[in-house]
Structures are given as C-alpha cells and as structure tokens.
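Chemist: Sequence:
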Amino acid sequence: MAASSNPAGVPQDYYKPPVTTTSDWANPAVLGLMGFGTTTMLAGIANTAYTGYWFSSGDNVLAMALAFGGLAQLIAGIIALRKGEIFAGTAFVGYGAFWLAYYTFVNGYAPIDSTVLVDLMWFSIVWALFTFAFLVNAPKHGAGITAVFLWLTVAFILLAVKFGTMAPGGAYATSGLPGWLGNLVGLEIFITGLIAVYVAFGILTNTNYGRKIIPI
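Numbering of the sequence shown is given in numbering that gives the first Met the number 0, commencing with residue 0 and proceeding in unit increments.
These are calculated hints, taken from the structure and not from any lab test.
Treat each hint with caution, since some may be false.
[Stated by the list, open to error] In silico lysine-lysine, BS3-like type, Cα no more than 30 Å apart, as pairs: (1) Lys211 with Lys139; (2) Lys139 with Lys82; (3) Lys211 with Lys82.
Working from the sequences, and respecting the hints, build out all of it.
Modeler: Below is the structure:
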C-alpha cells in the first residue's frame, strides 16, 4: 500500500503535490519517451542543411544515442516489460536498441561515404516496418502515442528516400541533397521528437498532480 510522505497534521505546500512511495516500479514512460524524444530532436537538427552552421557536426547526437536514447530507454523498456506492458516495453527496448545500433553503425563508419548510404537506406526501411507495426496498435494507447508513431513512420520513410537518392546511382548521388529537402527531413524528425517529449511532459505532469492537466 502506498504510504504518504507527509505526516498527518503537517500542511501540504500548495505548490508541492503529495508525494507517495510504493514498492512497485514507477511508470517508465516518461524516462523512455524523454530519452527517445530529446535524442530524436537533436538527430532532426543534424539532418538539416544547418549542420556545421549554428549546430555541431552531430557528435552530440551520438552521445545522446548512447546514453539517453540508448541505455536509459533500454532500462525503461525492461521496467515496462517487467510490469507486463508489452506495447511500451517492446517499443522502449526496441528504440533503445535502435539508438545503440545507430551509435555503433555511424561511429564505426565516420565519415560516412557513399557506399554506406545504401546500408543506411535499408536500415531506415527495416525500422520503418518495425515502427508501422506499432502505429497499427498505437490508437489503443491514445492520440499522443499515435501521433508519435505516425510521425516516426514517416520519418523513417523520408530517411530511406534521402539515403537512397544520395547513394550511388541515386538522383542526388553526384549533386548532393538539396538544402530544402534536407531541411524538410530534418524538420519532420525534429517534430517527431518534440511530440514524444510533449507526451512525456503530459504523463509526468498529470501523474504528478493526480489529474488531467495536459491533454495527451
């Protein structure tokens, strides 16, 4: 049974909601979505034409992919599976593994040359299929989660198109990807991460205050 951390007779600070403790695992959704969302937002910016101008070369994406998007999200997924949540658990473990695979792949082939672009294209296609499976089941978990998987499915499709057209024999193999197209892909990925962060913010706030404050 949850026990209140505020002894009887002690006034509750209006600005600090009651805090409870329990022997059960807490909902790992906030950790998982924040890990995924923040890493994805940085990856979105790194995919725009502004990389190297007012943004770094993308090394911060690799760091986040290893620590927050990868390991932290993996832990969140294991907790969710332990709680019997097959949808959230599989998603968090899956995308935690995705970011770890991304880190391993990109870090091992830096700088990326044209021959690796075909591998990245198929990497994106496989993850688009993985994401679509969750998109089909997402409506059962609310509009916010559905939006995350819808935008993420589109993001992987756009990445597959981007890498495919830049690969040898592709439309932009010699001329390079147009700035507008790179910005479109990057913006779509950034919004995907932003939606995930918003949903995490909603879960955190609604749970913390014990009522629906943020619509998700």
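Chemist: Are the Cα atoms of lysine 139 and lysine 82 separated by 30 Å or less?
Modeler: holds (18 Å)
Chemist: CA of lysine 211 to CA of lysine 82, is that 30 Å or under?
Modeler: holds (23 Å)
Chemist: Holds or violated: lysine 211 and lysine 139, Cα atoms, limit 30 Å.
Modeler: holds (18 Å)
Every hint from the earlier list agrees with this structure, and none is contradicted.
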